[in-house]
Structure formats: structure tokens, C-alpha cells
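There are 2 protein chains.
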Amino acid sequence: MKKSTQPTINDVARLAGVSKKTVSRVINQSPLLNGDTRKRVEAVIAEIGYVPNPQARALALRRNFLIGLIHDNPNAQMVLNVQQGLLEVLRDTEFELIVHPVDRGSGSMLDDVRQFLERQRPYGVMLLPPISENDTLAELCAEIGCRFVRMGSAQFGPAANMVASNDREAVRGAVEHLAAAGHRRIGMIAGPHGFRSAFERQQGYEQALEDAGLPVQRTLVAQGDYTFESGMRAAERLLDLAPRPTAVFCSNDEMAAGALHVARQRGLDIPADLSIVGFDDTSIASHLWPPLTTVRWPIATMARAAALKLIGDNDEIADEPQDALFVSTLIRRASVAPPSA
Amino acid sequence: MKKSTQPTINDVARLAGVSKKTVSRVINQSPLLNGDTRKRVEAVIAEIGYVPNPQARALALRRNFLIGLIHDNPNAQMVLNVQQGLLEVLRDTEFELIVHPVDRGSGSMLDDVRQFLERQRPYGVMLLPPISENDTLAELCAEIGCRFVRMGSAQFGPAANMVASNDREAVRGAVEHLAAAGHRRIGMIAGPHGFRSAFERQQGYEQALEDAGLPVQRTLVAQGDYTFESGMRAAERLLDLAPRPTAVFCSNDEMAAGALHVARQRGLDIPADLSIVGFDDTSIASHLWPPLTTVRWPIATMARAAALKLIGDNDEIADEPQDALFVSTLIRRASVAPPSA
DNA sequence: TTGTATGCGTTATCAC
DNA sequence: GTGATAACGCATACAA
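Listed in order, the protein sequences are those of chains X and E. Just so you know, we're using UniProt numbering here: the first sequence kicks off at 1 and counts up by one. Just so you know, we're using UniProt numbering here: the second sequence kicks off at 1 and counts up by one.
It is worth saying that the hints were derived from the structure and are not from the lab. Just so it is clear, CB atoms sit at the ideal spot from N, CA and C, and this is done for glycine as well. Be careful, since some hints might not be right.
[As the list claims (entries may be wrong)] To list a few chain E residues with every Cβ distance to chain X over 12 Å, as calculated: (1) 49; (2) 105; (3) 237.
[As the list claims (entries may be wrong)] Distance condition first, Cα-Cα at most 30 Å in a straight line; then the derived DSS-like pairs of lysine-lysine: (4) E/21 x X/39; (5) E/39 x X/20; (6) E/21 x E/39; (7) E/20 x X/21; (8) X/39 x X/20; (9) E/39 x E/20; (10) X/21 x X/39.
Let the hints inform the model, and build the full structure from the sequences given.
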């Protein structure tokens with residue numbers, strides 16, 4: 001009759017000579033079901049190419065199968081890696097990923113997110129830094145009753161709602177590496193104020209200096225805002241110092257690239273005259289000349305873990321007490337050498 | 001009574017003392033409605049914070065408000081720019097973006113897409129290159145009855161289903177620029193076989209040479225696969241030539257970066273000894289040293305246009321015969337100079 | 001201008 | 001084990 005449209009559960013029921021409920025049972029793998037009827041229904045399903053309507057399912061179940069990704073465009077590679085990690089887990093489930101960028105500068109960010117959550121009512125959402133650091137946002141999710149996982153550079157919330165790297169520790173290792181190479185004047189290009197990641201990384205830098213018995217000097221720290229240009233400006237300031245630092249740790253690769261740029265403009269040889277370490281291990285790091293020593297954090301792994309936390313204890317996927325902390329590694333390339341002096 | 005859950009249209013109706021239908025009319029901006037009742041209903045809506053359930057709406061309307069983005073991870077910046085462009089348009093509508101990456105190498109790509117389309121039944125989907133070039137995929141969308149827009153480097157389909165740049169023309173201009181600077185041995189690092197973009201760009205290169213009265217030599221074209229490493233390998237081959245080309249056009253920035261890398265390893269001065277032009281104007285282009293002359297295509301604009309095509313003639317948004325072709329521009333930076341010889 | 005009855009495709013309740 | 005029947009939240013016919 002109405003073959004023009006997508007077949008529904010009714011069509012299957014009619015053709016198989018059973019009730020809707022039975023078909024529903026087949027779809028939902030109900031255990032109490034006669035093997036014969038099951039096979040018959042499955043045959044019909046395969047034959048007419050029936051596929052359940054997620055909208056209707058969502059309505060009846062009073063819950064849907066959408067996972068939201070809320071972010072404020074940190075950097076392209078990061079967002080995409082997260083998406084990839086999430087989708088790797090979601091691929092074999094009935095969940096779909098729905099992306100919702102926001103503008104943290106707009107002032108209506110919270111309202112925007114609230115509207116998104118109330119409208120779509122996603123099953124769970126993942127929050128990317130830097131907005132993941134916003135406690136009000138986390139409270140909003142909790143209040144609305146939406147599962148959420150925050151990604152961050154430190155564990156600033158309950159483990160159940162976090163996937164975090166340990167940036168402080170990672171940077172400590174990186175700067176330690178510099179000190180071990182013989183550097184005694186190690187500068188830092190820090191991230192912007194208000195960013196947890198910037199704070200953690202600076203802490204790691206200072207700890208490493210203390211561990212190495214080196215003085216922590218304010219003049220050796222220049223602040224940037226994670227952009228290439230700000231990295232250039234910060235590097236200018238650092239390289240104007242006398243004596244010049246022989247090494248500089250940069251809070252991200254982008255700024256490291258800017259620093260490298262400036263150093264070369266000044267005729268400095270990298271790494272002979274200046275060692276540079278970045279953070280993130282974005283593609284730019286390996287393509288720079290010389291390739292950049294940097295810190296890599298397991299972003300895809302973290303995203304996968306986040307996805308599991310979001311959809312976990314829902315399906316048969318056991319909700320083992322998953323760890324919230326993930327370890328970063330120092331990627332040693334050619335931008336670091338002992339000081340030449 | 002049941003205040004624990006999200007308010008529904010029934011709650012609004014009851015509290016406002018009207019029928020569900022009237023509330024529905026308010027929501028859908030029906031013109032034939034008493035101003036008083038409208039205001040009363042709107043007041044209740046605002047008071048109890050009612051927000052329509054999209055799932056139920058979708059079910060009743062027999063259509064949903066999801067726009068799909070199907071891609072095979074071309075490059076991160078591109079995917080993100082497209083997302084941004086799409087969401088800019090979708091932001092003020094009731095549509096949401098749902099991302100669905102696929103693996104064109106897996107063999108099950110078409111089945112994967114088909115399943116996605118049949119399950120979610122998105123209102124429309126956007127196809128990114130290179131899979132957008134796959135005609136079978138486009139036919140699949142058409143067959144299933146899903147609106148679609150293909151993004152490409154040339155108009156290889158009906159304008160209604162396309163947003164395209166004109167890569168051939170853009171490259172012609174870029175190589176012309178090289179010729180105008182006095183270069184007579186201009187090499188090319190081409191993209192991988194089977195990519196429409198690679199083909200178009202090579203065509204543009206050859207046309208420019210012909211226009212300039214220069215011979216088209218096979219040896220001056222080295223093939224890469226759009227990766228940094230392949231750019232390095234291709235550059236090696238080109239720079240081994242005697243006489244050496246004095247300029248090289250690269251089919252994308254990534255490969256241009258690889259070429260730059262190799263040139264510097266060989267002690268060549270850029271641009272004095274070798275001029276380099278890239279394509280895409282990704283962030284890497286401006287951060288390279290020297291900054292890379294490259295072709296910028298209006299990716300966000302194209303994405304916005306695509307979004308309009310997808311949701312167009314649905315809302316009041318007029319479906320003016322939008323153009324399918326978008327023009328690229330040559331971004332002149334420091335990697336090009338007249339040949340030094 | 002507003003209300004009533006009915007349907008959208010699925011699942012849950014509770015019988016048989 | 002299986003099947004009527006009533007939700008789920010909203011929209012469309014068709015009356016009133």
C-alpha cells in the first residue's frame with residue numbers, strides 16, 4: 001500500500017504475522033523469545049530492509065542516542081582528534097555525535113549551552129578546554145541532568161566527569177630535560193591568564209627549576225596567548241634579555257613556532273644558540289625546521305575514554321572505575337641541544 | 001504532579017487554559033491567532049521554561065532537523081573550517097550538525113553511509129572532498145532521497161548539489177605569477193592520482209605554462225600524496241634535476257612545507273634560489289619561514305553557501321539560484337622572487 | 001480563531 | 001512466549 005515510504009515496525013509485524021511488540025523484542029534482543037519467531041521476523045526485516053526510526057525510539061524511551069561535543073575552537077587538530085577518538089567508540093553503537101561550538105567571549109555562552117542541552121537533551125556531552133574549566137558550565141550540565149565529561153590539563157573535578165592529562169608533570173619533565181642538557185638560563189613563554197593549562201604548565205616549569213636548583217626569575221617568563229604572533233612577541237622580549245636564555249619552553253607548539261621564527265630572524269642557530277621545546281605535538285611540530293621537541297598528550301585515547309564514560313553503564317560496557325588521568329610523553333627531536341657557550 | 005520532568009506542550013496548554021493545538025500554533029508562528037491568547041501562551045511558555053521536544057517534532061513532521069557532515073578526514077583545518085561555516089548558518093535555525101566520518105579505504109564506505117542515511121534520515125548532508133567526488137555516493141543520496149551538497153575543486157555535478165572552487169583557474173593564476181616574475185623552469189609537485197583536485201591543479205599548471213609559451217615537461221612534475229613527507233620526496237627528485245627548476249608550484253601547503261624543508265637542507269635560499277608556491281592557505285603557510293605564497297579558497301564561505309542550499313526553500317530563506325562556483329585568491333608572501341640566475 | 005480526534009514509529013504494561 | 005492497548009510529545013484534518 002504505502003510502500004513509497006520507509007518500512008516501519010508495523011510492516012514487519014504484518015508481513016511476519018506477529019505483533020509489533022514481538023518485532024520490538026527481536027530488535028532489542030529480548031532473551032525470552034521463541035527461536036522460530038525470531039528467525040522469521042529477522043528474515044522479514046532483512047528482506048524489506050527495515051531499519052528502526054531513532055526519533056521514535058528516542059520518544060518512547062524518553063532518552064536519545066546523541067552525544068554532544070561542546071567546544072570553543074581551541075585548535076583544529078585537537079578538536080578533530082577528539083572527534084576521531086569519540087567516534088571510534090561510538091561507531092559500533094547506536095550513538096551519534098553532534099557538534100556544538102560556542103563562543104566563550106560572547107557572554108551568552110552559558111545560555112547557548114543551556115538551550116542546546118534543553119532542546120536536544122543529548123545523552124551526554126563532552127566539554128573541551130578551555131570551556132571545560134568553567135565550573136558553572138559543569139554545574140549547568142549536572143543541574144539539567146545531562147551526563148558530561150570534562151577534558152582538561154589537570155584533574156579539576158570528580159574522576160567520573162574527567163579525562164585529564166597531567167600537564168604540570170609533563171612540563172616538569174620537559175624542563176628537566178633542558179636542565180639535564182646543561183641549560184641554566186631557561187626561559188618560558190607562558191599561556192594566557194585564566195587558562196588552567198597555562199597555569200599548570202607554568203607550575204611545572206617552576207617546579208623543574210627548583211628541582212634543578214635553578215632560580216625562578218620573573219623576567220624569564222613572557223606571556224603569550226597561544227597564538228603564533230604572541231609567541232613571536234614573547235620571544236622578542238626574551239631574546240632581548242642580557243644574558244640571553246639558552247633555552248625556552250613554550251606552552252604550546254604554535255608559540256614555539258613563533259619563537260623559532262623570531263630566533264631565526266635574529267640570525268640565531270637552533271638549537272646551537274637556543275633550544276626550544278613546545279607542547280601539544282601538533283603537526284606543525286614535526287614539520288618545523290628543525291623539528292620541534294615537544295610534549296605529546298594522548299588526546300585520542302582520552303577522547304575514547306571520555307566516550308566510554310559517557311555511554312558506559314548504559315550498555316553492557318562495564319563501568320570499571322576508569323582512570324581519569326592520562327600520561328603525556330616528551331617527544332625528543334632536533335630543537336634541543338646543550339648550550340653552546 | 002509530574003514536575004520532575006521537562007514540561008511538555010500539555011503542561012503549557014493546561015496552564016494557559018487552551019488546547020494543545022493552540023500552543024502548537026504559537027510555537028509554529030501560525031498567523032491566524034488571537035493576539036491575547038498568543039501572549040498568554042507565550043507567558044506560560046516563558047514561565048515554566050517550556051522547550052519543544054525535537055524528537056517528537058521530527059516524528060510528527062516525518063522529517064528531522066539534522067544536517068550531516070560526511071567526510072574522510074582530508075585535513076583538520078579544512079574540516080573545522082567547514083564545520084564553522086555550516087554552524088554559522090545553522091546556529092539561528094533549529095538544525096543541528098551531526099558529524100559522520102567514514103573510511104574511504106575500508107571498502108564498506110558506501111554501506112556505512114547508506115546505513116547512516118537510513119538510520120538518521122538527516123534532512124541533508126554535506127560531502128567533503130575527496131569522497132564528494134564519488135558519483136556513486138551522490139547517487140546513493142539521491143536514491144535515498146536525502147538532500148546533499150558536494151564540495152569540490154571543480155563543478156562536477158549539478159549546481160544545486162555543488163559548492164565548488166575553480167582550482168584549475170586558481171593554479172593557472174598562481175603559475176602565471178611565477179612566470180611573470182621571470183621563471184622559465186617551473187616545476188610542480190602534484191597531488192595523488194585519482195583526486196579531482198590533483199587533476200584540476202595540474203591542468204591549471206599546464207595551461208599556465210602554455211599561456212606563457214613555456215614547454216610542458218613531464219620531468220618537471222613530481223607526484224606526491226598531499227603529505228609533508230611526500231612533498232619532501234618529490235622535492236628531492238625535482239632538485240636533482242639539472243638544470244634545477246627555479247620555482248615550484250605545490251598542490252598543497254603541506255607538500256610545499258616538505259619542499260621547503262628539503263630545499264633548506266640542501267642549502268638553498270628561499271626565495272632567491274627557489275621560489276615556492278603552495279595551495280590551501282592553511283595556517284602552516286603563514287607560519288613557515290619564509291611565509292608561503294599560496295592560494296586561498298573561500299572554504300567557510302562555501303560551507304555557508306552549502307548550508308543555505310541544504311536548508312533552503314525550507315524556511316523563508318529564499319532559494320535564489322545560488323552560484324555553485326567560488327573564486328580563490330592568490331596570497332602573495334615572501335616565498336616567491338625573480339630567479340637569481 | 002480555537003478545539004477534537006487521530007497519527008507518527010517505537011516501547012512499556014499487563015494481560016493471556 | 002506472545003499480543004492488545006496505552007503512552008511518548010507534537011502536528012495535521014476537520015469541525016465547531
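- Query: Does the alpha-carbon distance linking residue 39 of chain X and residue 20 of chain X stay inside the 30 Å limit?
  - Reply: holds (15 Å)
- Given the hint that residue 39 of chain E pairs with residue 20 of chain E, test it: the Cα-Cα distance must not exceed 30 Å. Holds, because 15 Å separates the two Cα atoms, which is no more than 30 Å.
- Message: residue 39 of chain E and residue 20 of chain X were given as a pair; does the straight-line alpha-carbon distance stay at or below 30 Å?
- Response: Violated. Residue 39 of chain E to residue 20 of chain X sits at ~42 Å, over the 30 Å cutoff.
- Is it true that the CA of residue 20 of chain E sits at most 30 Å from the CA of residue 21 of chain X? holds (29 Å)
- Task: Would you check the hint for residue 21 of chain X and residue 39 of chain X, treating anything up to 30 Å between C-alpha atoms as holding?
- Result: holds (15 Å)
- Does the alpha-carbon distance linking residue 21 of chain E and residue 39 of chain X stay inside the 30 Å limit? Measuring from Cα to Cα gives roughly 43 Å; hence the hint is violated.
- Query: Minimum Cβ separation between residue 237 of chain E and chain X greater than 12 Å?
  - Reply: Check passes; 19 Å lies beyond 12 Å.
- Taking 30 Å as the top limit, are the C-alpha atoms of residue 21 of chain E and residue 39 of chain E close enough? holds (15 Å)
- Beyond 12 Å from every Cβ of chain X: is that where the Cβ of residue 105 of chain E lies? holds (15 Å)
- Any Cβ of chain X at or closer than 12 Å to residue 49 of chain E, or is the non-interface label fine? violated (8 Å)
The structure fails hints 1, 4 and 5 (numbered hints given earlier, in ascending order).
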